[in-house]
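Numbered by my numbering, the letters in the sequence shown go through residues 1 to 99 in order.
Treat each hint with caution, since some may be false.
Pairwise CB distance ranges (calculated) [to be verified]:
id, residue 1, residue 2, range
1, D78, D18, 19 to 25 Å
2, D91, L56, 28 to 34 Å
3, I60, D18, 19 to 25 Å
4, I96, K25, 30 to 36 Å
5, S68, T97, 21 to 27 Å
6, P67, V98, 24 to 30 Å
The calculated SDA-like cross-link candidates involving lysine to any residue, where the alpha carbons are at most 20 Å apart (straight line), are [as the list claims (entries may be wrong)]:
id, residue 1, residue 2
7, K90, L44
8, K90, K58
9, K62, I82
10, K47, Q36
11, K52, N21
12, K26, E59
13, K58, E30
14, K47, D24
15, K89, S34
In short, the hints are calculated from the structure, not lab data. Every residue gets a Cβ at the ideal spot worked out from N, C-alpha and C, and that includes glycine.
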Amino acid sequence: MIFLVSVSSCNEKEYKEDEVNSIDKKSAIETELSVQHIDTADVLITKHKIWKDKKLVKEIIKRDTVPSLGDTLMETEDKDGISHTVHTKKDYEFYITVQ
């Protein structure tokens with residue numbers, strides 16, 4: 001079985017239709033992807049937790065430097081309701097194929 005999931009990386013809270021609240025730790029691989037913005041590049045962080053018989057048997061963390069997508073302008077509103085335009089880093093989209 002193959003399926004494709006598209007997740008947009010961002011700092012805002014949003015509804016996640018396929019979000020998992022608990023993991024069956026009898027036999028599972030838990031994977032977390034994130035991007036950390038640094039000056040002129042981004043760091044892709046991939047974390048895998050391998051669960052067997054409800055025990056964490058291995059954790060793999062990999063960091064890769066990838067090109068930055070640059071900046072974008074974003075409208076934000078402060079606590080007083082005043083709008084501000086700020087520069088923020090563009091985020092990568094994640095497309096994951098699971099077999």
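Status of the hints after comparison with the structure:
1. Separation of D78 from D18 is about 33 Å and departs from the stated range, judged on CB atoms against 19 to 25 Å.
2. Between D91 and L56 the CB atoms are about 29 Å apart, so this pair conforms to the stated range of 28 to 34 Å.
3. One distance hint, 19 to 25 Å for the beta-carbon pair I60 and D18, holds here, with the actual separation near 23 Å.
4. At roughly 21 Å, the beta carbons of I96 and K25 sit outside the given window of 30 to 36 Å.
5. Here the CB-CB span from S68 to T97 is close to 25 Å, well matched to the stated 21 to 27 Å.
6. A C-beta distance of roughly 26 Å is found between P67 and V98, which places it inside the suggested range of 24 to 30 Å.
7. For the hint pairing K90 with L44, the CA-to-CA distance comes to about 14 Å; that is within 20 Å, so the pair holds.
8. Distance restraint check for K90 and K58: the Cα-Cα separation of roughly 32 Å exceeds the 20 Å cut-off, and the hinted pair is therefore not satisfied.
9. The straight-line distance between the Cα atoms of K62 and I82 is roughly 41 Å, outside the 20 Å bound, and the hint therefore fails.
10. At most 20 Å may separate the alpha-carbon atoms for a hinted pair to count; K47 and Q36 meet this at roughly 13 Å.
11. Taking the CA atoms of K52 and N21, the gap is near 18 Å; set against the 20 Å cutoff, the hint holds.
12. For the hint linking K26 to E59, the alpha-carbon distance of about 16 Å falls within 20 Å, and the restraint holds.
13. Of the pairs offered as hints, the one joining K58 and E30 holds, with about 11 Å between alpha carbons and a cut-off of 20 Å not exceeded.
14. A hinted pair counts as satisfied when its Cα atoms are at most 20 Å apart, and K47 with D24 qualifies at roughly 18 Å.
15. This hinted pair checks out: K89 and S34 have alpha carbons roughly 14 Å apart, not beyond 20 Å.
Hint check: violations occur at hints 1, 4, 8 and 9; the rest are consistent with the structure.
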